[in-house]
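Q: What follows is each chain in one-letter form.
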Amino acid sequence: IAGITQAPTSQILAAGRRMTLRCTQDMRHNAMYWYRQDLGLGLRLIHYSNTAGTTGKGEVPDGYSVSRANTDDFPLTLASAVPSQTSVYFCASSVLAGGTDTQYFGPGTRLTVL
Amino acid sequence: GQNIDQPTEMTATEGAIVQINCTYQTSGFNGLFWYQQHAGEAPTFLSYNVLDGLEEKGRFSSFLSRSKGYSYLLLKELQMKDSASYLCALLGSNYQLIWGAGTKLIIKP
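Protein sequence lines correspond, in order, to chains F and E. Using the numbering used here, read the first sequence as starting at 1 and increasing by one per residue. Using the numbering used here, read the second sequence as starting at 1001 and increasing by one per residue.
Chain F extracted, bound-state conformation (with noise of 0.2 Å):
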């Protein structure tokens, strides 16, 4: 059982270009997430799913978009790349939506905009 997997590890990008960060997981849990991790900052939730077909906007959706099409996969795309999203994305998912659920964590994508 693989878990959560994310592509790729790392990545650097010239500004400008359109990127799509995978996310994958083979639990069968309900809601997925994504985070950004900067440092000196918490977490922050970009988008969400709570369940296959509906997505949701965090606190910093701009410039990124989400799908989720089935249970297992989560793409977060970002349209034209910025330096500014330069950081770490994890990508989440809990068996239950609403948040009281422990999130389990993919091992991130390094991303570098230049």
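Simulated from the structure, these hints should not be mistaken for lab results. Just so you know, these numbers come straight off a predicted model, no measurement behind them. Glycine included, C-beta positions come from ideal geometry on N, C-alpha and C. Hints are supplied without guarantee of correctness; some may be wrong.
[What the hints assert, rightly or not] From the derived model, a few chain E residues whose C-beta atoms are all more than 12 Å from chain F: (1) Met-1010; (2) Val-1018; (3) Glu-1041; (4) Arg-1059; (5) Phe-1060; (6) Tyr-1072; (7) Glu-1077; (8) Leu-1078; (9) Ser-1083; (10) Gly-1092; (11) Gln-1096.
[Unchecked claim] Quick list of the computed label-pair ranges, beta carbon to beta carbon: (12) F/Pro-61 x E/Gly-1001: 15 to 23 Å; (13) E/Met-1080 x F/Asp-73: 25 to 33 Å; (14) F/Pro-61 x E/Gln-1025: 17 to 25 Å; (15) F/Ser-67 x E/Gly-1053: 18 to 26 Å; (16) F/Ala-14 x E/Glu-1055: 41 to 49 Å.
[Claimed, not checked] Derived, one-sided and incomplete: chain E residues facing chain F with beta-carbon distance under 10 Å: (17) Pro-1007; (18) Asn-1021; (19) Thr-1023; (20) Gly-1040; (21) Leu-1051; (22) Gly-1053; (23) Tyr-1070; (24) Leu-1087.
We have chain F already, so just place chain E on it with the hints.
A: Just chain E now, kept in the frame of chain F:
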């Protein structure tokens, strides 16, 4: 609004006890989480408190006082592998987690 505060860094000695504090302000409280994050790795769940009091899990315990907007994580019998960042996360009125910046715990032999 909601905000959460915890110390940036703490140092402790192997075998000792350390208490990591977390204070918060929120208009609606629905629980408080503690996660552990080793450098370069993903956060992993430690505890969840929704009622006042102490929850004990082996060497780790977490305490909550809702009236004081305060929680702490207590680590006993410290081991070198406990060197990590400890993240406090508040579940507020909108049921989204608000995360503290984390406390980096350095364990010295």
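Q: Taking the hints in turn, state whether each one holds.
A: Hint-by-hint comparison with the structure:
The non-interface label for E/Met-1010 is consistent with chain F: the shortest C-beta to C-beta separation is roughly 16 Å, beyond 12 Å. With 12 Å as the threshold on Cβ separation, the claim that E/Val-1018 sits away from chain F holds: the shortest Cβ distance comes to roughly 20 Å. With a least CB separation of 7 Å from chain F, E/Glu-1041 falls inside the 12 Å interface cut-off, contrary to its annotation. Its beta-carbon lying about 19 Å from the closest one in chain F, E/Arg-1059 satisfies the requirement of being farther than 12 Å from that chain.
Even its closest Cβ contact with chain F, about 15 Å, leaves E/Phe-1060 beyond 12 Å, as expected for a residue assigned away from the interface. At roughly 17 Å, the least C-beta separation between E/Tyr-1072 and chain F is larger than 12 Å, which holds for a residue marked as non-interface. Every CB of chain F lies more than 12 Å from the CB of E/Glu-1077, the least distance being 24 Å, so the non-interface label holds. Distance check on E/Leu-1078: its Cβ is at least 24 Å (rounded) from any Cβ of chain F, clearing the 12 Å threshold; non-interface status holds.
At roughly 18 Å from the closest C-beta of chain F, the C-beta of E/Ser-1083 stays outside 12 Å, upholding its exclusion from the interface. Residue placement check: E/Gly-1092 does not keep its beta carbon more than 12 Å from all beta carbons of chain F (closest about 9 Å). Against the 12 Å criterion, E/Gln-1096 falls within the reach of chain F, whose nearest CB is about 6 Å from its own CB. Here the CB-CB span from F/Pro-61 to E/Gly-1001 is close to 18 Å, well matched to the stated 15 to 23 Å.
A hinted range of 25 to 33 Å for the beta carbons of E/Met-1080 and F/Asp-73 is inconsistent with their spacing of about 38 Å. Checked against the hint of 17 to 25 Å, the pair F/Pro-61 and E/Gln-1025 passes, with Cβ atoms roughly 24 Å apart. At roughly 42 Å, the beta carbons of F/Ser-67 and E/Gly-1053 sit outside the given window of 18 to 26 Å. For F/Ala-14 and E/Glu-1055, the Cβ-Cβ distance of about 48 Å falls inside the hinted range of 41 to 49 Å, so the restraint holds.
Because the beta carbon of E/Pro-1007 sits about 13 Å from the nearest beta carbon in chain F, more than 10 Å, this interface hint is broken. Taking 10 Å as the C-beta cut-off, the interface hint given for E/Asn-1021 is violated, the closest approach to chain F being about 15 Å. Interface restraint check: E/Thr-1023 against chain F, minimum CB-CB distance 14 Å, threshold 10 Å, status violated. Interface hint at E/Gly-1040: satisfied, since its Cβ lies 8 Å from the closest Cβ of chain F, which is below the 10 Å cut-off.
Nearest Cβ of chain F to the Cβ of E/Leu-1051: about 13 Å, over the 10 Å cut. The hint is violated. The closest approach between the C-beta of E/Gly-1053 and any C-beta of chain F is roughly 17 Å, which is over the 10 Å cut-off, so the hint fails. Look at E/Tyr-1070: its Cβ only gets to about 17 Å from chain F, farther than 10 Å, so that hint breaks. With a least beta-carbon distance of about 7 Å to chain F, the hint placing E/Leu-1087 at the interface is held under the 10 Å criterion.
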